[in-house]
Amino acid sequence: MIKRRGGRYMFIKVKTTQDKNAKRKQISALAVAGVLLFTSAVSVPSADAFWPFSKKHKDGKDRKRKKREISGTSVGLVPGNPPATVWKPEGTPRAAVLCLHELGLHKNVFDDFGTRMAQKGVIVYSIDLRGFGGWTEMKTKDSEMDLDNTFADVKGSLEVIKKLHDKTPVFILGEAMGGALALEAAAKYPELTAGIITAAPGGQHYKTIDNYVNIGSKVLTLKAGKDSHMSEDLMNIATPKENLQEAFMDDEDVRLDLKPKELMACQFYMYKTKKFAKQIKDVPVLVVHGKLDGESKEVGSTDVYKNLKTAKKKYVLLENGDHYSFEDVKVSDEAFNNALSWIDSNVGSAP
Numbered sequence: 003m004i005k006r007r008g009g010r011y012m013f014i015k016v017k018t019t020q021d022k023n024a025k026r027k028q029i030s031a032l033a034v035a036g037v038l039l040f041t042s043a044v045s046v047p048s049a050d051a052f053w054p055f056s057k058k059h060k061d062g063k064d065r066k067r068k069k070r071e072i073s074g075t076s077v078g079l080v081p082g083n084p085p086a087t088v089w090k091p092e093g094t095p096r097a098a099v100l101c102l103h104e105l106g107l108h109k110n111v112f113d114d115f116g117t118r119m120a121q122k123g124v125i126v127y128s129i130d131l132r133g134f135g136g137w138t139e140m141k142t143k144d145s146e147m148d149l150d151n152t153f154a155d156v157k158g159s160l161e162v163i164k165k166l167h168d169k170t171p172v173f174i175l176g177e178a179m180g181g182a183l184a185l186e187a188a189a190k191y192p193e194l195t196a197g198i199i200t201a202a203p204g205g206q207h208y209k210t211i212d213n214y215v216n217i218g219s220k221v222l223t224l225k226a227g228k229d230s231h232m233s234e235d236l237m238n239i240a241t242p243k244e245n246l247q248e249a250f251m252d253d254e255d256v257r258l259d260l261k262p263k264e265l266m267a268c269q270f271y272m273y274k275t276k277k278f279a280k281q282i283k284d285v286p287v288l289v290v291h292g293k294l295d296g297e298s299k300e301v302g303s304t305d306v307y308k309n310l311k312t313a314k315k316k317y318v319l320l321e322n323g324d325h326y327s328f329e330d331v332k333v334s335d336e337a338f339n340n341a342l343s344w345i346d347s348n349v350g351s352a353p
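Start counting the sequence shown at 3; every next residue gets the next number (the working numbering).
Hints are computed from structural coordinates only; laboratory data are not their basis. A virtual CB, placed ideally from N, CA and C, is assigned to each residue, including glycine. Misleading hints may appear alongside valid ones.
Keeping only pairs whose Cα atoms sit at most 30 angstroms apart, straight-line, the calculated DSSO-like set for lysine-lysine is [what the hints assert, rightly or not]:
#	residue 1	residue 2
1	Lys122	Lys141
2	Lys141	Lys299
3	Lys315	Lys169
Just the calculated beta-carbon pair ranges, DEER-fashion [what the hints assert, rightly or not]:
#	residue 1	residue 2	range
4	Asn309	Glu254	33 to 43 angstroms
5	Thr75	Asn309	33 to 43 angstroms
6	Lys280	Glu92	20 to 30 angstroms
7	Asp284	Gln247	22 to 32 angstroms
All chains should be built: construct the whole structure from the sequences, respecting the hints.
Put into structure tokens, the structure is as follows:
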């Protein structure tokens, strides 16, 4: 562009939309190059190593996901929340259990555990944690994963269950993220529970560096709210049982599109479990860890156990257990009997 200034003609360059777009591309390229330079220093699986969420499996075959068939029934507990699932025994229950699932799963993964507990005279409730199960049908901000709101849901559910069964001891059982919530509940509201069972509650995980870099690169490239493409990979290292892996993959309520920001929120929350443990002074606690768990390290569970201030504590290493000891399609007798024995031993001493 030619412009007259002070009696002279000058050439002035005017930035066009095309120039601006080119500049943006240069900046984006530099950002990506920086991420690649950082990640190249650490061993990180390629993006192709993680299975993207779709209706196809790794082998390329069509996968028709469907609702899991369960023996439990729906029941409303907290207004505004999705219905809980309950497994009722015949007659008056001698104990009640509230189950809290792992990241990505949903309330009905406790079907085998709940069915068998009901046969032993224990009523079992299970709720969907925010962001999962029934919450995914709501498509609102409140339905997204939020651990503060989830903890409020746990507290509200316990209060309702105690009102429904005012003379019955109420226990909490949680796996991993659910186990961390159980610890927080026992730490902050000991009057609401007669004891807890927490499985794989520690914050130490295998491949932590790789996962941080993989997730961090997605955050840097503004993909924190997108599919992480890590769900199947995490499930496969969490359990060696192919039938359980297949059950999760076929279950339409199991989320296979976990977002980087959700994985990060869960990880940082799990780091708080030792702090929760230190605050538990009287509530009985059973800490469980599966020897075949390829996701959570046993040291995380033992650290939680060591930090518990309550004298009423027990640690169990399940020889055949994995990351989903109580969420299995067929819970092992080892896991089930340890849970039942712990409940029985604390029913008599419950307030």
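A quick look at each hint next to the structure:
1. Lys122 <-> Lys141: violated (38 angstroms)
2. Lys141 <-> Lys299: violated (34 angstroms)
3. Lys315 <-> Lys169: holds (23 angstroms)
4. Asn309 <-> Glu254: 33 to 43 angstroms: Roughly 38 angstroms apart at Cβ, these two residues keep to the hinted range, so it holds.
5. Thr75 <-> Asn309: 33 to 43 angstroms: At roughly 38 angstroms between Cβ atoms, Asn309 and Thr75 fall inside 33 to 43 angstroms, so the hint holds.
6. Lys280 <-> Glu92: 20 to 30 angstroms: violated (41 angstroms)
7. Asp284 <-> Gln247: 22 to 32 angstroms: For Asp284 and Gln247 the Cβ distance comes to about 39 angstroms; the hint is violated.
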